[in-house]
Amino acid sequence: MIIKYFSWIKEHIGKSEELIELPDDVKTISELINYLNNLNDDYKKVFVKKDLIKIAVNKTYCSVETKISNNDEIAFFPPVTGG
Amino acid sequence: MDQKKTIPVKIKIQNDDFDVSKETKILQENQTGAIVSFVGVVRGFDEKINSVIESMTLEHYPGMTELEIKKIVKQSYERWDITGATVIHRIGKLLPTDQIVFVGVSSRHRQNAFDSCNFIMDWLKTKAPFWKVEENDHQKKWVDHNLSDDEATKKWSI
Chain X
1 MIIKYFSWIK EHIGKSEELI ELPDDVKTIS ELINYLNNLN DDYKKVFVKK DLIKIAVNKT
61 YCSVETKISN NDEIAFFPPV TGG
Chain R
1 MDQKKTIPVK IKIQNDDFDV SKETKILQEN QTGAIVSFVG VVRGFDEKIN SVIESMTLEH
61 YPGMTELEIK KIVKQSYERW DITGATVIHR IGKLLPTDQI VFVGVSSRHR QNAFDSCNFI
121 MDWLKTKAPF WKVEENDHQK KWVDHNLSDD EATKKWSI
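Those protein sequences? They're chains X and R, same order as listed.
Its first residue numbered 1, the first sequence is counted upward by one per residue in our numbering.
Its first residue numbered 1, the second sequence is counted upward by one per residue in our numbering.
In short, the hints are calculated from the structure, not lab data.
Check before you lean on any hint, since a few could be wrong.
Per label pair, the in silico range of CB-to-CB distance [claimed, not checked]:
1) R/Gly33 with X/Glu17: 44 to 52 Å
2) R/Asp81 with X/Glu31: 43 to 51 Å
3) X/Glu17 with R/Ser148: 27 to 35 Å
4) R/Lys74 with X/Glu17: 23 to 31 Å
5) X/Asn58 with R/Asp16: 24 to 32 Å
6) R/Leu95 with X/Tyr35: 36 to 44 Å
7) R/Gln14 with X/His12: 27 to 35 Å
Covered stretches of chain R, going by a simulated chain X footprint (3 or more residues, C-beta under 8 Å) [to be verified]:
8) 18 to 24
9) 52 to 64
10) 87 to 101
11) 123 to 136
Quick caveat, the model's predicted, so the values are computed rather than measured.
A virtual CB, placed ideally from N, CA and C, is assigned to each residue, including glycine.
Take these sequences, add in the hints, and give me the full structure.
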């Protein structure tokens, strides 16, 4: 699975993307966030602000309940500020 | 209304500047009686944090940005009788007075062009994955999402 980060989230986590092998028991975005939070505190510091984070699976907006698989591209980013 | 209709649509995400009169001229080639366009420009001052902006850098999510804008434009031409639409959004480093975004719509009659241009711009501000960071000598600050932009989209709910 590829995970992409944008804007201040990218800076807090210290990378714009990473490849992970999804553990069998991680089946939703919510479970992915819990998994990442357990990796290190950088993720925790980001995901504690969960109300400020938008999520996309395969370039489409989704929610924390969305089911995911190892072939998906996930993105975490703040509310948008273009235009 | 014909839900399957298609119209000429141009969507570009680019570092380079754009030429408003050239883009308007292209829209004029569609069967048209009216063209409405909007141009967003970099401000030199952020009123919210009372700070001078020396430059601004825009990043986006390649692929998703184009998909989201396509969806917005499609909703627009399914809702209004328009004959063409162009959305150009710049990325990278920009300076005050630089153009950021162009939204142009052609239609046979003006009201459809006014409404659909406004609709596209409102939804672009809330859905298209772009992020701005403002820079000056003292700081670099990611711009906060403006809640009034979410409010602005409510007028389009049917």
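Hint check:
At about 47 Å, the beta-carbon gap between R/Gly33 and X/Glu17 stays in the expected band of 44 to 52 Å. A hinted range of 43 to 51 Å for the beta carbons of R/Asp81 and X/Glu31 is consistent with their spacing of about 46 Å. Checking the proposed 27 to 35 Å range against X/Glu17 and R/Ser148 shows it holds: the Cβ atoms sit about 32 Å from each other. Between R/Lys74 and X/Glu17 the Cβ separation comes to about 29 Å, which falls inside the hinted range of 23 to 31 Å.
Separated by about 29 Å at the C-beta atoms, X/Asn58 and R/Asp16 satisfy the suggested range of 24 to 32 Å. One distance hint, 36 to 44 Å for the beta-carbon pair R/Leu95 and X/Tyr35, holds here, with the actual separation near 42 Å. In this structure the supplied range 27 to 35 Å holds for R/Gln14 paired with X/His12, their Cβ-Cβ distance being about 28 Å. Interface restraint, the region 18 to 24 of chain R with chain X: violated (0 residues with C-beta to C-beta distance below 8 Å; minimum three).
Only residues whose C-beta sits within less than 8 Å of a C-beta in chain X count toward coverage, and the region 52 to 64 of chain R has 6 of them, enough to reach three; the restraint holds. Given a C-beta distance limit of less than 8 Å, the hint that chain X covers the region 87 to 101 of chain R holds, as 3 residues qualify and 3 suffice. A stretch counts as covered by a chain when three or more of its residues have a beta carbon under 8 Å from one of that chain; for the region 123 to 136 of chain R and chain X the count is 10, and the coverage holds.
Comparing the model with each earlier hint shows a violation of hint 8 alone; every other hint is respected.
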